[in-house]
Every structure is written in structure tokens, then in C-alpha cells.
Amino acid sequence: MPDQEKYNRSDPMAGAGDEDEEMQSAVESRTLDLGTMEGETLIKAERLGDHPETPAAGEERVAPRSLWQDAWRDLRRNPIFIISGLLIVFLVIVAIWPGLFTSTNPLNCDLTKSQQGPTSGHPFGYDTQGCDVYARTIYGARASITVGVCATAGSALVGTLLGGLAGFFGGWSDSVISRVADIFFGIPILLGGLVFLSVITIRSIWIVVAFIVVLGWPQLARIGRGAVITAKQQDYVTAARALGAGSGRLMLRHILPNAVAPIIVVATIALGTYIALEATLSYLGVGLKPPTVSWGIDISAASDSFSIAPHMLLFPAAALSITVLAFIMLGDAVRDALDPKLR
Amino acid sequence: MTDGATALSAPVPQGAAFTKPVPEGEPILQIRDLVKHFPLTQGVVVKKQIGAVKAVDGVSFDLRKGETLGIVGESGCGKSTLAKVLMNLEPATSGSVRYKGEEISRLSGAALKAVRRNIQMVFQDPYTSLNPRMTVGDIIGEPYEIHPEVAPKGERRKAVQDLLDVVGLNPEYINRYPHQFSGGQRQRIGIARGLALKPEVIICDEPVSALDVSVQAQVINLLEKLQNEFELSYIFIAHDLSIVRHISDRVGVMYLGKMVEIGSDLEIYDHATHPYTQALLSAVPVPDPAARQVRDRIVLTGDVPSPADPPSGCRFRTRCWKAQERCAIEEPLLAVPSWLDGLAAHESACHFAAEREIEQSAAEREIEQSAAERGAEGGTEAETERAAGQEDGSADGDDAR
Chain A
1 MPDQEKYNRS
11 DPMAGAGDED
21 EEMQSAVESR
31 TLDLGTMEGE
41 TLIKAERLGD
51 HPETPAAGEE
61 RVAPRSLWQD
71 AWRDLRRNPI
81 FIISGLLIVF
91 LVIVAIWPGL
101 FTSTNPLNCD
111 LTKSQQGPTS
121 GHPFGYDTQG
131 CDVYARTIYG
141 ARASITVGVC
151 ATAGSALVGT
161 LLGGLAGFFG
171 GWSDSVISRV
181 ADIFFGIPIL
191 LGGLVFLSVI
201 TIRSIWIVVA
211 FIVVLGWPQL
221 ARIGRGAVIT
231 AKQQDYVTAA
241 RALGAGSGRL
251 MLRHILPNAV
261 APIIVVATIA
271 LGTYIALEAT
281 LSYLGVGLKP
291 PTVSWGIDIS
301 AASDSFSIAP
311 HMLLFPAAAL
321 SITVLAFIML
331 GDAVRDALDP
341 KLR
Chain B
1 MTDGATALSA
11 PVPQGAAFTK
21 PVPEGEPILQ
31 IRDLVKHFPL
41 TQGVVVKKQI
51 GAVKAVDGVS
61 FDLRKGETLG
71 IVGESGCGKS
81 TLAKVLMNLE
91 PATSGSVRYK
101 GEEISRLSGA
111 ALKAVRRNIQ
121 MVFQDPYTSL
131 NPRMTVGDII
141 GEPYEIHPEV
151 APKGERRKAV
161 QDLLDVVGLN
171 PEYINRYPHQ
181 FSGGQRQRIG
191 IARGLALKPE
201 VIICDEPVSA
211 LDVSVQAQVI
221 NLLEKLQNEF
231 ELSYIFIAHD
241 LSIVRHISDR
251 VGVMYLGKMV
261 EIGSDLEIYD
271 HATHPYTQAL
281 LSAVPVPDPA
291 ARQVRDRIVL
301 TGDVPSPADP
311 PSGCRFRTRC
321 WKAQERCAIE
331 EPLLAVPSWL
341 DGLAAHESAC
351 HFAAEREIEQ
361 SAAEREIEQS
371 AAERGAEGGT
381 EAETERAAGQ
391 EDGSADGDDA
401 R
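Sequence order for the protein chains is A and B.
Heads up: the first sequence at position 255 corresponds to 255 in the numbering used here, and the numbers run straight through without jumps.
Heads up: the second sequence at position 309 corresponds to 309 in the numbering used here, and the numbers run straight through without jumps.
It is worth saying that the hints were derived from the structure and are not from the lab.
The beta carbon of each residue, even a glycine, is placed where N, CA and C say it ideally should be.
Take these hints with a grain of salt, some might be off.
Said to hold, decoys possible - For each label pair, taking beta carbons as the anchor points, the in silico distance ranges come out as: (1) A:Val265 - B:Pro91: 33 to 41 Å; (2) A:Phe184 - B:Gly43: 25 to 33 Å; (3) A:Val92 - B:Pro39: 35 to 43 Å; (4) B:Leu343 - A:Ser175: 53 to 61 Å.
As the list claims (entries may be wrong) - Derived coverage of chain B by chain A (criterion: at least 3 residues anywhere in the stretch with Cβ under 8 Å from a Cβ of chain A; other residues may be distant): (5) 57–65; (6) 333–346.
Stated by the list, open to error - Below, computed lysine-lysine pairings styled on DSS-like, alpha-carbon distance capped at 25 Å: (7) B:Lys113 - A:Lys232; (8) B:Lys20 - A:Lys232; (9) A:Lys113 - A:Lys341; (10) A:Lys232 - B:Lys84.
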């Protein structure tokens, strides 16, 4: 078989000459010629009209890029991504080195200052126990962000993996995984929290994270399974199979990039919910416990005396809202960047 | 079946077993009694088979080296299922598919991968057959990643650009995404992907049905050009009879999972002997209003029977005006009817196969006369194309953008 030689464009009759002897060849080749010429004109128009800068273009211009490289190029120019990214970087720094932002110990409280409003040196005021709210908000970032990010990452990973496998392979594995997911889905999260977490006596962030992952993955598994089934039925997956692609390539190159968008959206929304869930569990006394400092603990403690000292609730709640908003904006920007159609 | 057994037991060395050249005109793909049934099941936990949709039910034909075999039939007659089974995308229920004499319908693993290099496919819908999240370079380059032995790593980009050039697209487009192209351009990308592995057989599953008429002509011309350039053999599935006539050397007509008639394009289009083919042909739009009035159209009554419960005997008998008692009892086999001669003597699965000479002659003469007046005798589809080209001339510019 001849290799892919350059098609000789100066001879449009090359393909049309020896057509169909039974047919009236004169008419035949004339129409063919017409079609070929039409094609030629279009190709020329394409080349001239669409790329005014191409004649000077060197080889570098056509260096191949991947979806992720393109997405990154796109993200760097997206103001929403930059704002949310900077916010998240800032929050992460706060979570890792809270000492950089305050010299006050959040556990060093003075009951005489209980529920006092903002004063100089203590911009957020004091809570019921007389602790500095600013210091508690700064130190609370660690627990809240750790719970939010780790629980989201965990349930997204477990959910996408199990849901994706169920959707991709179907049949028995689908039935088993879906039924197990249904069982976990059926457990009321607060009742489950009260039962599970009161049995476990160790109070640590990781216990709360594990609990949220165990009850949170079915939601993402369902989304992932649906997205994978939709992507699996597309012709481009069939085309890749026809080329001889294995399951791994089909899943990673074709199905995952096309199924990941709804998972990202749901996961970023879930992140906010998980931070709030940690607060709820702490409020019920089965989540984190003092002396751990978390926004959830502070919000639930402050909610009793909101009418007397609103600043106690306002600042940790604002920090929580900004964090959740930053992650949702980031998720949105990433989802858009991964969809070339929106570019 | 002995060949089939050896192909099963002995793993085929990658690409080596299928390199044997086949002379022009010799069968490259032999399909015998190919059957594909989709089971109908009932029950949630314990699935019980209660029947089967007989999508393809005993189809036999040869594809010869370098020819284009058109396969026509109405929606739901099993054309696309046939393509999927030939591509090994669906396992065949029974029957055999031989490529260069080797049984390929039950292969798996490395042997199947080696066959895939030689048989490729062009899909119907250019909007869903290209991954929206891959660049054109990645889409056309993927065959090389799957079969690294075809093009060494350093040469792949060059190979992809060459392919873009071959199908008439600007090689600079390598970093663009499918949605930045028009339907016709996308179909060219799909064709380039099919060509990447230098296959010998390309199965085109309605490759132009989703395109504009003017763009259809361009894609068809491209396919013909590539056939000459790369010595390809095509199986061309379509429901547009004019296009099939234009591109095909031989034509097979399918009805309800069966091949009812097969022959050269002249034998099928001008000397059809199966009533179903005759009915199909009579429904082809005639671009001449004068001729349209005198033509003798066969209007079939009733619907296509369910492929889950096809009629006994001849499957077409429920809608056939020639049907008699014999048709319900005895299934007509696809064979050359002994009572016919000349161009009418080609394979036709009908007990009463006969040309539609008497009814057709008047209408046909009219058509030929009016066609001859414009100096385009017998070239009805050429007419269609030219008319379409004129009509859509203004729309053509859109494709360039």
C-alpha cells in the first residue's frame, strides 16, 4: 500500500478519470470534476480566509497540546479562577500557619470579657467564654478546611471510582455497587452520625472525615455512574474501541474527561455542605469537641446568643461562606475550562 | 471451519498474518450465514430469555479487493448492526467472517487488535463520533498511540498532518477542537482517523446521511479519491439509493435482517428482480417534474414486521403484491434464479423473481427522453448532484468558515 503521499492538488481529474465504465462517463466525470473543484475552492478559501497569519507561522505554532494544557492556558486568563485560587491559597496558608496572622492564643480566654464587642487589638470581639473571636476564626480554618477538603476528596474519589466502574462495566458489578450505594444513601445522616460517632470515643478530625466519606460517596457515585453511562454510549467511544483501544484508555482518555464535569460541580457544592455538616455534628456533640477549634463549633456556640452578641456568629460564618464560595467558584472555572465548547 | 479453529488456538502475530496481498477483484472479506440476535430478557434478578430481536439473520456475501459494496435498506433492517458485527464491536451470534481467509469473528486480544489495523470504520454522525475534549491532532493521532508499531513516536505529528492534508483539511488545524469545524470537515476528520492505520477495508456506516447535499458530494468524492489512492475496499451502508448507485460497484439490498438481492449496480438499479428492491427504487425521488408524473410508483402497505417475530417463509411476503401460499411456507434462498438470464440473472431471494419490465417501460422511456434532452442520458443521480450543487451554492461558503 502506498504511503500517505501528498495529494496532487494541481490535478483534480486524478481521482475522476477511471470511474464507472458502465455509466455515461462524460457526464459522470464532469460532475465529479465539478465536485472536486468545489472542494478545492473551499479548501483554498479555508486556508486563505481563516488564517491570515499562517504564512509566517513556523513549526512551533502547531506543537500539539492536550486538553489539560489548553484548560490550564484558559484558566490562567480567567479572573474567577484567579480570585478563587488566591482565596484558596490564602485560606490554606491560614490553615497551615495560623500563627502568622495572630499572636493571640484562641484557648487563652478571659471570662470577664464574655461577649464583648470589637475593640482595638481584638477586631472581632470576644465570645461567651471570653475568647478572642479573631484568633478562633483564624485557628478554626484548619479543622474546617481539612474536614471539607478531605471529605470531598475522599467521597469524590470513592464515589467516582465505584460509580464509574458500575457505569462502565454494567451488569452484575453495577447491580452490586448500586445496591450498596442505595443502602448507604438510605441512612439519615444525622441519625447515622449520632449512632456511629457516639460509639467511637476517639474525637479526631479524621474520624469525622471518614464518617462523611462513608455517608457521602453514594451521592457522587450516582452522578458518576450516570455521567459514565451517557459518555459510554457516544460514537467516539465506539470509534476508539474499533481502533483497538483497551478499557483503560477508553475510561481515562474518552469517558472520564467527558463525565468529570457534573462530578466537579456536585463535589464543590458538597464541600460547602460537608463543612456545614461538621458544624452540625459538632453542635450535636458528636463531631469535633473543644479544645479543637473549628468554625462549626463556634457557629453552633454563638447561635444561642445571636441577638445579644451577633459578632460571635457573624465572623466565623463569614469565613465559612467565603471558603465555600471560593471552592464553588474554583469548581465552576475548572468545569468550564475542561469544556472546549465554552472556550 | 478448520481455518477458524487454528486462528482461535494459535495467537496471530501482530499485523503479520494479515499482510498477505490479495489480488484486485478477489474476495478480501467473506461473510457466511452471519447471525446477530439480541436476546430479549424478562426478570430483574434471574434473567429469562423470552425471545430475540433478529437484527441480522443469516447474511452471506463477499467483499472483493478494491470494490465498493453498497448496502441499502430501510431503517431497522439491520444495516448498522451488520457493520458493528463486521467490526467485532458486537459479537456475532453465529456464522463466519473471514478476512483474507482467516476467521476473525471470534478473535480477541492481540489477534483482534491486529485485525483492527486492517478493517476500519467511518461513522454516521460526525457530531458524536469525535471526542469533544480531544484536539484534532489527538483524535487522528490516537490510532498511532494504540498501535505504536505503525508510526514511531517522532513521526506521529507529521503523519497526522499528512492525513489532514490527504482529506483536504489544513494541517495547521491540528490543535483545534471538533466543535470548531463544520459537519463536512468533521466527517473528513473521521475519515482521516479511519485511514491512519492504513487499513485495507473501510466500513462506512451512512457516512453522509448527516450532511448537507452539497457537502455529501464532497465527502463522496473524497472517499472515491482515497479508494484509488490507497487501494481501499469499502462496505458502504446507506439508505440513499442515488448515492449508493454513484459510489458502488456492487449493491446488496437488505430487508429485516436478510439480504434479499445482491448484484452489480447495473443489475440492481436497472434489472432488479426482487419486489422489495423494485419498490425501493420506485421511491427514489426523480429530479424531473415531468417525469415524476408519469413514473409508476409502488407504494408498500403496512409496516415493517417486528424483527423479534419475523413472518414465516419469505420475510417480505406480508407487504408483497406477488405473495402466494408458497411464500409463507418456503423461505426463498439468495441464489441466481434459474429462469432468468442476462443482467436479470443475479442473486435474488424471491420465488417469483422477475424484472419489472412491463410496468416500468413507459415511465422509464419518458425519463430517459427528458434526460437525453439535456445531454445527460441515464445519469439521474448526476443530475441530482448538479441541481443540488446549484441550489446550495450559496450555502457552500459556510463550510469554509
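To see whether the hints hold, each was checked on the structure:
| no. | hint | in the structure |
| --- | --- | --- |
| 1 | A:Val265 - B:Pro91: 33 to 41 Å | 37 Å, holds |
| 2 | A:Phe184 - B:Gly43: 25 to 33 Å | 26 Å, holds |
| 3 | A:Val92 - B:Pro39: 35 to 43 Å | 55 Å, violated |
| 4 | B:Leu343 - A:Ser175: 53 to 61 Å | 57 Å, holds |
| 5 | 57–65 | violated (count 0) |
| 6 | 333–346 | violated (count 0) |
| 7 | B:Lys113 - A:Lys232 | 20 Å, holds |
| 8 | B:Lys20 - A:Lys232 | 35 Å, violated |
| 9 | A:Lys113 - A:Lys341 | 57 Å, violated |
| 10 | A:Lys232 - B:Lys84 | 16 Å, holds |
Checked against the numbered hints given earlier, the structure breaks hints 3, 5, 6, 8, 9 and satisfies all the rest.
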